[in-house]
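Please arrange chain B on chain A, whose structure you already have, making use of the hints.
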Amino acid sequence: MFRKYFPITILVLWVLIIISGLIFPFNPNQIDLSQILTTPDWNNLLGTDDLGRSVLDRAITGGFTSFIVAAFVTIISVVVGTAVGCISGYVGGWVDVITVRIIDIFLAFPGILLAIALSGVMGPGIENVIIALSIVGWVGYARLSRAQVLSLKNREHVLAAHALGTGNLQIIKAHILPLIMAPLIVEGTFGIAGIVIAEAGLSYLGLGVQPPASSWGSMIRDGSQYLLVAPHMVIAPGVILMLVVMSVNLLGDQIRDYLDVKDMNG
Amino acid sequence: MIRFILQKLVGAAISISGVVCLVFLLIHLVPGDPVEMMLGESARVADRAALAAKLGLDKSMLQQFISFVHGIFTLDFGESYVTGESITQMILDRLPATALLAVVSLLIAVLIAFPMGAIAALKKNSIADNAAMGFSLLGVSIPNFWMGQILILIFSLLLGWFPVSGYQGDGAIVLPAITLGTALAAILSRMIRSTLLEVLGEDYIRTAKAKGCSQTRVILFHAMRNAILPVITLIGLQLGTLLAGAVITEKVFSWPGIGLMVVESIQKRDYPVVQIAVLLISSTYVLVNMLTDILYAVVDPRIRYREQ
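Going down the list, the protein sequences come from chains A and B.
The first sequence begins at 1 in my numbering and counts up by one.
The second sequence begins at 1001 in my numbering and counts up by one.
Pulled out of the complex, with its shape left as it was, chain B reads as follows:
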């Protein structure tokens, strides 16, 4: 078991190091002078030199990389080029909003997807199943930004139930969370359905039925318990959908989280902030996936034996 956890830790460490390198190279790989991109072509020479010095772009690549990595380890990410604010502080300010939105959306997704996936699997090929899978198809085919606009149109502008945008105000979280949650529910319900269908075909389900267990008991204690494990992994993997979807959804609703910070910083050409925000989102994703893998292996011994 310890070996398995170590393997996963090393894997995650390598992935995150790779992400660090890629994010560092982001502004160097792109053709053109980053300073010119930020200031525009008409900037004065003195301004350019000042910005290059401030960002450390006048030093060698190696020196820049070392100070970038040093900043990450000391959690001092430097300053925003536009506002001069500390990037660490900016992130701390924005983090609660994104975390709140992610948790509430995940909750909505689970509350929709579990019953829907279960009913679809139990009544395979019925009207309920077709309706659930129709919803799922709609969910994956409607982009977050359009769904968000339509929700704003109906529930904010026409009905006036919720604020159009922002963080303050009663129920401000409802529409962004529904936007993200339903998108995730669409993917999850489909996966829950296929996982349950697989489990329902197992021998122990037949045995339970043969013993005379009630339908509810078979589903709740025999099928669900076995189906829930792969589903937890799927939820972990889908956290990426949530994190990336949050970038666009936060923009639609002006929800002041990390995602909106990425979009705003891109518009202001504030590349240091973009780098750190992308690094943060990706590292979270890698770490959550690693924890899900480990959790899965702790609960299901078959996994850790197979991988060794």
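Chain A with its partners taken away, still in its complex shape:
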């Protein structure tokens, strides 16, 4: 029961918070120098930071930041990656050889190292975070969809469509894409967890959103200077970040079991 509804509850909360942020007047940047570093109480449920700003309000707008980044990066990566992977696997020949090489080169950069370097060179800012994470993100979907297309393109129904004179685009659209959606959805769900952590990581390094805008990562970084006097500044955004990432991962597990996706890169 708990396992089943926990992730979806947290994720619905995440989305609700974002919607409420558009409706209710939060004051994430309201500086109140009489309220510096206060511990959580009834006025400020999660306490205040070093400028007397409400940690709760900043965490809510931070959630907005991570949601925007996750949404954009996932959409861009899935669309670009799937397109590249499908074309590469379907066309085959030298196009495929070159694409696989390019994919291998991108995979040679471990984790978010390339994203760190890219946003470091491009300079901080939320747009650059989205660009950097998309440049890193499309590769996984390209590799996955290519492997799937390779195993599908000689199936009988595809050959039958060929024999009937169906165009290549139409075959990919109507006869291949629907069959590779399940693993892509599963990969995409787990991908969101990775992006939320990556955005927080980049912001923690000071490469993400710029002050006064907030992100869970930059909140943790700001709080690390006041760890002993105001641990809530680090604990609160971290717990929220962890709950969201954990829920996304659990949801990914549930979707994978539901869609019965097993070995995805086979």
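This list has only true hints and no planted wrong ones.
Residues from chain B that face chain A, not an exhaustive set, calculated with beta carbons under 8 Å:
hint : residue
1    : G1018
2    : L1022
3    : S1141
4    : I1248
With a Cα cut of at most 30 Å, we get these calculated DSS-like pairs of lysine-lysine:
hint : chain 1 : residue 1 : chain 2 : residue 2
5    : B       : K1211     : B       : K1123
6    : B       : K1008     : A       : K153
7    : A       : K4        : B       : K1123
8    : A       : K4        : B       : K1124
9    : B       : K1124     : B       : K1211
10   : B       : K1209     : B       : K1123
Hint data in this document are derived by calculation from the structure and do not stem from the laboratory.
The beta carbon of each residue, even a glycine, is placed where N, CA and C say it ideally should be.
Leaving out everything else, chain B in the frame of chain A:
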């Protein structure tokens, strides 16, 4: 076998060449003048020209690329733009700290992940299994930088057992290594569990049991020996998690390794250093993966026959 090794060598060489190109292009692909990015908009013309000349940015792209590649082959990576130090020397200074952290973290990860994955697989769906998988889920959901801060809060500030940051001091390595090691253990234990479960379903396990082998003997000599191979490959692949995770973890603990050097150089806009450090980390990753592939094929003949 030689053919297989050659294939892997060529593959790794192509990947690393690609990485070299990408890293070279890093500062050229980005919109805007790199010199202006480093010096700021208000810099004087003479300063800009001097920096451009020093970095070779006044030459053609091809000439720049040739001298970049030449530098790599002669292991002379030029100088830091900020401190004027030789980049080769900077890397040699930082390398031991990163290597030490990587080895200790890997050790911690293996020591946690093996028993946990094995118990989870043997007692599938028990409380122990659920606890182990719960730990694994927590591990992948907690980012390194937060885990690091919480460890600092509890063990350095409140209990005073370990230094807050730095390289010197007794037990300075404990907290960064636990941060990286537990993150890796979370991924590894899950993989060890699923690999073992797969092996435990094989016919030879049933045969061993039917022969009357003890439970311990079946696990240690029949199951583990077969499960360990894929697990070694997984550890090789996860080295990337370790290397990339080290960038952020080293920053949290001010651990003076290559990762901290990347972050500091980005902040100082010292792009030549960033380029070389990224190149070094990625090449290490590619080479380790290649060695794991070859090792795997040496030990398990099925792999090299399948790939040929």
